[in-house]
Amino acid sequence: GAVVSQHPSWVICKSGTSVKIECRSLDFQATTMFWYRQFPKQSLMLMATSNEGSKATYEQGVEKDKFLINHASLTLSTLTVTSAHPEDSSFYICSAPKAGNSGANVLTFGAGSRLTVL
Amino acid sequence: LAKTTQPISMDSYEGQEVNITCSHNNIATNDYITWYQQFPSQGPRFIIQGYKTKVTNEVASLFIPADRKSSTLSLPRVSLSDTAVYYCLVVNTDKLIFGTGTRLQVFP
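For the protein sequence lines, the chains are A and B, in the order given.
For what it's worth, my numbering labels the leading residue of the first sequence as 64, then goes sequentially.
For what it's worth, my numbering labels the leading residue of the second sequence as 1454, then goes sequentially.
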């Protein structure tokens, strides 16, 4: 089956520092990956679409200079939270699509990365 | 993207069948209906996907009426470990927009 690995699973950093989160598709290639953010007791919010070899597409309200996305290979996308502040503390989840049995793509999600900014 | 509406929460007891219904009145011809399960502090996990009628796998069944404006996820004989949030999504592209989900609590 499709497996998406995310690292680190949790990270604590000081305000003003940058944090990089990696998302890897382990047994399939992903030209596209998606990054979500989830606050406690809330649903997932799509942040951006990561495209291999080209610029990411950001959802409305998401600062592209704040959340840098790089998709340098068919199996790796990275999200860098630059100059992190306490309000950036959240659960970040990546996902990649793969063909499902029904005919439409199915998203496989990573385990998530919990960021705490002090 | 079709908007979905599902109950915010549901309670059940172990061994019971749980049916979670999702409304998607604006579903498009090419949209598929997909359900995900999420445990706390984990990424969502795919449960089942369908286009019409009934789909069954080892985990659940998905019932979709002819007009496709709603769908029902059926979990047979739930256990405590089925306590989670269940999301219904309709999509014909890769980008998935999550709704509020249904928080299922299973009691002993």
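Heads up, a few of these hints could be off.
Claimed, not checked - Quick partial rundown of chain A residues pointing at chain B, CB under 7 Å, derived from the structure:
hint, residue
1, Pro103
2, Ser106
3, Pro149
4, Ile156
5, Gly175
Unchecked claim - Derived DSS-like pairs: lysine-lysine, alpha-carbon spacing no greater than 27 Å straight-line:
hint, chain 1, residue 1, chain 2, residue 2
6, A, Lys118, A, Lys161
7, A, Lys83, A, Lys129
8, A, Lys83, A, Lys127
9, A, Lys129, A, Lys104
10, A, Lys77, A, Lys129
11, A, Lys161, B, Lys1522
12, A, Lys127, A, Lys161
13, A, Lys161, B, Lys1456
14, B, Lys1507, B, Lys1522
15, B, Lys1505, B, Lys1456
16, B, Lys1456, B, Lys1507
17, A, Lys104, B, Lys1505
18, A, Lys83, A, Lys118
19, B, Lys1522, A, Lys129
20, B, Lys1507, A, Lys104
21, B, Lys1456, B, Lys1522
22, A, Lys77, A, Lys127
23, B, Lys1456, A, Lys127
If you're looking for bench data, these hints aren't it; they were derived computationally from the structure.
Ideal Cβ positions, reconstructed from N, Cα and C, are used throughout, including at glycine.
Taking the hints in turn, this is what the structure says about them:
Given the 7 Å rule on beta carbons, the hint for Pro103(A) is violated: about 9 Å separates it from the nearest Cβ of chain B. Annotation: interface hint on Ser106(A) holds; nearest CB of chain B at approximately 5 Å, less than 7 Å. For the restraint placing Pro149(A) at the interface with chain B, the shortest Cβ-Cβ distance is roughly 19 Å, beyond the 7 Å limit, so the hint is violated. Satisfaction of the interface hint for Ile156(A) is found here, the shortest Cβ-Cβ separation to chain B being roughly 5 Å, below the 7 Å cut-off.
With its C-beta approaching chain B no nearer than about 5 Å, Gly175(A) sits inside the 7 Å limit, and its interface hint holds. Between the alpha carbons of Lys118(A) and Lys161(A) the distance comes to roughly 21 Å, so the proposed pair stays at or under 27 Å and holds. Our distance criterion of 27 Å between C-alpha atoms is met by Lys83(A) and Lys129(A), whose separation comes to about 12 Å. The hinted pair formed by Lys83(A) and Lys127(A) meets the criterion: a straight-line CA distance of about 14 Å does not exceed 27 Å.
Proposed proximity of Lys129(A) and Lys104(A) is supported: the alpha carbons are some 24 Å apart, at most 27 Å. Distance restraint check for Lys77(A) and Lys129(A): the Cα-Cα separation of roughly 16 Å lies within the 27 Å cut-off, and the hinted pair is therefore satisfied. The straight-line distance between the Cα atoms of Lys161(A) and Lys1522(B) is roughly 25 Å, inside the 27 Å bound, and the hint therefore holds. Between Lys127(A) and Lys161(A), the direct Cα distance comes to roughly 26 Å. Compliance with the 27 Å bound is thereby established for this hinted pair.
Taken as a hint, the Lys161(A) and Lys1456(B) pair is honoured in the structure, with Cα atoms around 23 Å apart against an allowance of 27 Å. At roughly 14 Å between alpha-carbon atoms, Lys1507(B) and Lys1522(B) fall within 27 Å of each other, so this suggested pair holds. Of the supplied pair hints, the one linking Lys1505(B) and Lys1456(B) holds, its CA atoms being roughly 18 Å apart against a limit of 27 Å. Proposed proximity of Lys1456(B) and Lys1507(B) is supported: the alpha carbons are some 21 Å apart, at most 27 Å.
Pair hint Lys104(A) plus Lys1505(B) does not hold up; C-alpha atoms about 31 Å apart against a cutoff of 27 Å. For the hint linking Lys83(A) to Lys118(A), the alpha-carbon distance of about 17 Å falls within 27 Å, and the restraint holds. Between Lys1522(B) and Lys129(A), the direct Cα distance comes to roughly 39 Å. Violation of the 27 Å bound is thereby established for this hinted pair. Between Lys1507(B) and Lys104(A) the alpha-carbon distance is near 31 Å, which puts this suggested pair outside the 27 Å criterion.
For the hint pairing Lys1456(B) with Lys1522(B), the CA-to-CA distance comes to about 11 Å; that is within 27 Å, so the pair holds. The straight-line distance between the Cα atoms of Lys77(A) and Lys127(A) is roughly 21 Å, inside the 27 Å bound, and the hint therefore holds. At most 27 Å may separate the alpha-carbon atoms for a hinted pair to count; Lys1456(B) and Lys127(A) meet this at roughly 26 Å.
Taken one by one, the earlier hints fail for this structure at numbers 1, 3, 17, 19, 20, listed in ascending order.
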